[in-house]
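Sequences and hints are given; from them, build the entire structure.
Chains as they are written, first to last, in the numbering used here: chain A, 1 to 311; chain B, 312 to 594.
Think of the hints as simulated: they come from the structure by calculation, not from any bench. We treat Cβ as the ideally placed atom computed from N, Cα and C, and that holds for glycine. Be aware that a few hints might be false.
[What the hints assert, rightly or not] Mimicking DSBU-like on lysine-lysine, the simulated pairs with C-alpha atoms at most 30 Å apart in a straight line are:
id, chain 1, residue 1, chain 2, residue 2
1, A, 300, A, 15
2, B, 490, A, 15
3, A, 15, B, 504
4, B, 492, B, 412
5, A, 300, A, 215
6, B, 490, B, 412
7, A, 15, B, 412
8, B, 323, A, 215
9, B, 323, A, 15
10, A, 300, B, 504
11, B, 367, B, 537
12, A, 216, B, 412
13, A, 216, B, 321
14, B, 537, A, 215
15, A, 215, B, 321
16, B, 412, A, 300
17, B, 504, B, 492
18, B, 490, A, 216
19, B, 490, B, 504
20, A, 300, A, 216
[To be verified] A short list of chain A residues far from chain B (calculated; beta carbon distances all over 10 Å):
id, residue
21, 71
22, 149
23, 191
24, 212
25, 293
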Amino acid sequence: MQARAGSRFGDRAFKWLTLVMALVIFALIVLIVRELTHGSRLALQKFGWRFLISSDWDPVNGVFGALPFIFGTLVSSAIALIIAVPISIATAVYLTELAPLWVRQPLIMFIELLAAVPSVILGLWGIFVMVPWLHNHLVPVLRGLFGFLPLFQGTNYGPCMLAGGIIVAIMIIPIITSVSREILRSVPGLQREAAYALGATRWEVTRIAVLSYAKKGLFGAVILGLGRALGETMAVTMVIGNTPQITASLFAPADTLAATIANQFNEATGNLYTSALFEIGLVLLGVTVLVNIFAQLLLKTFAGPSVKPQQ
Amino acid sequence: MTAPNHRWRKFKNAVVQTLTFTCAILVVTPLLLVFYHLIRLGFSSINWAFFTQLPKPVGEPGGGMANAIAGTFILLGQAAVFGVPVGVLGGVFLSENGSSKLTWWIRFAADVLNGVPSITWGIVVYALMVVPMRGFSALAGGVVLGMMMIPLVMRTTEEVLQLVPGGYREAALALGIAKWKTIVQIVMRTALKGIVTGVLLALARVAGETAPLLFTAFGNLGWAHKLTEPIAAMPLQIFIYAISPYDDWHRQAWAGALVLLVLVLAVNFGVRFLTRDRFTQRT
Numbered sequence: 001m002q003a004r005a006g007s008r009f010g011d012r013a014f015k016w017l018t019l020v021m022a023l024v025i026f027a028l029i030v031l032i033v034r035e036l037t038h039g040s041r042l043a044l045q046k047f048g049w050r051f052l053i054s055s056d057w058d059p060v061n062g063v064f065g066a067l068p069f070i071f072g073t074l075v076s077s078a079i080a081l082i083i084a085v086p087i088s089i090a091t092a093v094y095l096t097e098l099a100p101l102w103v104r105q106p107l108i109m110f111i112e113l114l115a116a117v118p119s120v121i122l123g124l125w126g127i128f129v130m131v132p133w134l135h136n137h138l139v140p141v142l143r144g145l146f147g148f149l150p151l152f153q154g155t156n157y158g159p160c161m162l163a164g165g166i167i168v169a170i171m172i173i174p175i176i177t178s179v180s181r182e183i184l185r186s187v188p189g190l191q192r193e194a195a196y197a198l199g200a201t202r203w204e205v206t207r208i209a210v211l212s213y214a215k216k217g218l219f220g221a222v223i224l225g226l227g228r229a230l231g232e233t234m235a236v237t238m239v240i241g242n243t244p245q246i247t248a249s250l251f252a253p254a255d256t257l258a259a260t261i262a263n264q265f266n267e268a269t270g271n272l273y274t275s276a277l278f279e280i281g282l283v284l285l286g287v288t289v290l291v292n293i294f295a296q297l298l299l300k301t302f303a304g305p306s307v308k309p310q311q
Numbered sequence: 312m313t314a315p316n317h318r319w320r321k322f323k324n325a326v327v328q329t330l331t332f333t334c335a336i337l338v339v340t341p342l343l344l345v346f347y348h349l350i351r352l353g354f355s356s357i358n359w360a361f362f363t364q365l366p367k368p369v370g371e372p373g374g375g376m377a378n379a380i381a382g383t384f385i386l387l388g389q390a391a392v393f394g395v396p397v398g399v400l401g402g403v404f405l406s407e408n409g410s411s412k413l414t415w416w417i418r419f420a421a422d423v424l425n426g427v428p429s430i431t432w433g434i435v436v437y438a439l440m441v442v443p444m445r446g447f448s449a450l451a452g453g454v455v456l457g458m459m460m461i462p463l464v465m466r467t468t469e470e471v472l473q474l475v476p477g478g479y480r481e482a483a484l485a486l487g488i489a490k491w492k493t494i495v496q497i498v499m500r501t502a503l504k505g506i507v508t509g510v511l512l513a514l515a516r517v518a519g520e521t522a523p524l525l526f527t528a529f530g531n532l533g534w535a536h537k538l539t540e541p542i543a544a545m546p547l548q549i550f551i552y553a554i555s556p557y558d559d560w561h562r563q564a565w566a567g568a569l570v571l572l573v574l575v576l577a578v579n580f581g582v583r584f585l586t587r588d589r590f591t592q593r594t
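This is how it looks when you write it as structure tokens:
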């Protein structure tokens, strides 16, 4: 009897212990939101919504507006997605549908290793290898081909928006690829067999039976990649030039929300300056959390009914 | 009559095969390039002094990153202390209590938390610890890395516990063993290798984090003697060296990056190799 009562107590205690630990997740969310709103209250009071639409960033005169950083974040993420999405999805298709079996495992491992490369190392490589290469080779070529567009005009500085976009692309490719691969793998085999039975080629099977079935999940993978792109910090701050400005040229230096916090936070003098940087953090948090919620909902509803592969 | 059409379809098939293969090559290229340049530019600066000496002032050649290497391990040790118990036990809750609305929300929150930019964590812990304690500290660095580990470890622990066959639990319960003992002694023990793998991968992931350490651990060109002092870490040191204008420091940055990358990739590669058959067979 005693032993049983003891174990019942043990069960209850253990369950409560694990529950409390799991609830720490919510505590962390509350903590993040609370500290960021508390930290940014000065700037919130002083600038209100103007903070988001003003492009003056003048620490000397105590005027702060986040628009150039929002612009830089959106444009560099857009560049990253334009590069990363086709490459990642094509690679995922290759890995699940087209590649010979012996190629798949080593390739998957390579992609996982790429995902593990710390962002500061990519940034180092970016500064000393990629940016000079862009400056000397890619930018002149782009200018020659597309120079009639404002995007590809302007002085060739070196660190620039384009460099930031490319480095972010390198960082999100492994994520989009591996999530897309999981999605494609969860497409039921019967879908494919039915298409093969109609005499379709491999590509037709992929297009008709696999890709159209997995559309929603792949979209989720892309949005997840976008969430990462928006928050990338170190590699971006090292190659983007850290100049808050809004210009059409991709060859001009720019700045992003995350990069500017990394750059200016320790040098920020005065409460208002620090507070403005906290508010930038709050904006960044809001955007990335919304994007991530959207991505998770897409992925979860996709995986919901059909996740079990049929034998 | 269908022959030309058939040939056209086969041709399209071949084109797509080639295109997707090219994309796969493009994905792998950056990793190879980064590795190539790290070895070319970093290997020559790696020597005994690199692992045993402090950084030298600008202009003096030589010196090393001993403090940053030790600092990274100290930070990781703290992160493990703060992050692993919470993560693992939380993962046990998610896995062993069926699915309910609550577990769905916790899982969802953990996944969203995994997507919070690391720089945000940095300023949160700055406000939470650095401001009240009136200074950057190794402790704040450990806490921020530990917090970032929690959702990672929770999700991987849950996943590997789910792989333990239900029959194990039922068999133990049928013998009259208390549920918590079943979980700790049978379920968690069976999945131990997987739990450790998850923890190591999470550690490898935060080991390379720079952004959250900028305003917490801060960096230090000498040794930190107490946890309340600023401490050096490899990613921080690489960043500081990389954006400096000095060639000597650039060389050190390459060497540090090479060591850090080898460390991170060795952990990733090692745990995958160790647990390979287990995971590929079960899933």
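Could you tell me which of the hints above the structure violates, numbers in ascending order?
As far as the earlier hints go, 9, 14, 18 and 25 are violated by this structure, in ascending order.
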